[in-house]
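Assemble the whole structure, with the sequences as input and the hints as a guide.
The opening position of the sequence shown corresponds to residue 1 in full-length UniProt numbering, with each subsequent residue numbered one higher.
Think of the hints as simulated: they come from the structure by calculation, not from any bench.
Hints are supplied without guarantee of correctness; some may be wrong.
As the list claims (entries may be wrong) - What follows is a set of in silico ranges between Cβ atoms, one per label pair, in the way DEER data are often shown:
1) 35 with 118: 27 to 37 Å
2) 75 with 119: 24 to 34 Å
3) 84 with 53: 21 to 31 Å
4) 49 with 25: 32 to 42 Å
5) 54 with 121: 23 to 33 Å
6) 72 with 99: 31 to 41 Å
7) 41 with 115: 32 to 42 Å
8) 163 with 121: 20 to 30 Å
Just so it is clear, CB atoms sit at the ideal spot from N, CA and C, and this is done for glycine as well.
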Amino acid sequence: MQNTSQPARRQAAAEPGKKPRPLYHERLTPSLWILGGAAVVAPMAALVFVQYDGTLSLAIGLAVGILVVATLILTSPVIEVADGELRAGRAHIAVSLLGEPSAVTGEEARTARGPQLDPRGWHLIRGGVDGIVVLPDMDPDDPVSSWTLSSRTPDRLAAAVRHAQSGR
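Here it is as structure tokens:
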């Protein structure tokens with residue numbers, strides 16, 4: 001009996017229309033403090049409608065709270081390295097146009113986000129996210145000099161960019 005499962009898996013991975021798995025994917029969701037603070041709108045919305053009906057006001061308050069938190073999560077920017085491209089929010093650039101990534105955390109990251117932040121660079125910085133990856137933009141036709149991105153795992157993001165740049 002011949003084993004045909006291995007070639008079938010290879011064919012499934014190479015099928016047109018199937019999107020290959022990205023090398024790196026991160027959604028920069030708000031911190032729990034921000035989500036908790038946003039949930040405070042639930043009792044405020046409930047208080048507005050309590051004069052009409054107590055049960056209705058609780059339902060509206062709950063719905064508003066869930067809607068606000070869900071909106072904050074679903075509209076969070078995504079950083080992704082896939083198909084030879086770095087996508088950060090709505091912006092994207094070919095990894096071949098980027099220089100050596102620099103992943104920093106702690107005090108170095110605070111300095112990279114503050115005094116050393118290049119005003120000509122493109123920034124996707126989120127509060128509550130400690131890590132930063134700085135990528136020089138090597139495209140001579142691009143007015144942007146570097147990309148500065150927040151990341152909870154800056155070392156993994158930098159490694160994914162290096163891996164994509166190597167073309168493996």
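Here is what the structure says about each hint:
1. 35 with 118: 27 to 37 Å: Holds, at about 31 Å.
2. 75 with 119: 24 to 34 Å: Once the Cβ atoms are compared, 26 Å apart, the range 24 to 34 Å for residue 119 and residue 75 holds.
3. 84 with 53: 21 to 31 Å: violated (57 Å)
4. 49 with 25: 32 to 42 Å: holds (40 Å)
5. 54 with 121: 23 to 33 Å: Between residue 54 and residue 121, where Cβ atoms are some 53 Å apart, the hint is violated.
6. 72 with 99: 31 to 41 Å: At 33 Å between Cβs, range holds.
7. 41 with 115: 32 to 42 Å: holds (36 Å)
8. 163 with 121: 20 to 30 Å: holds (23 Å)
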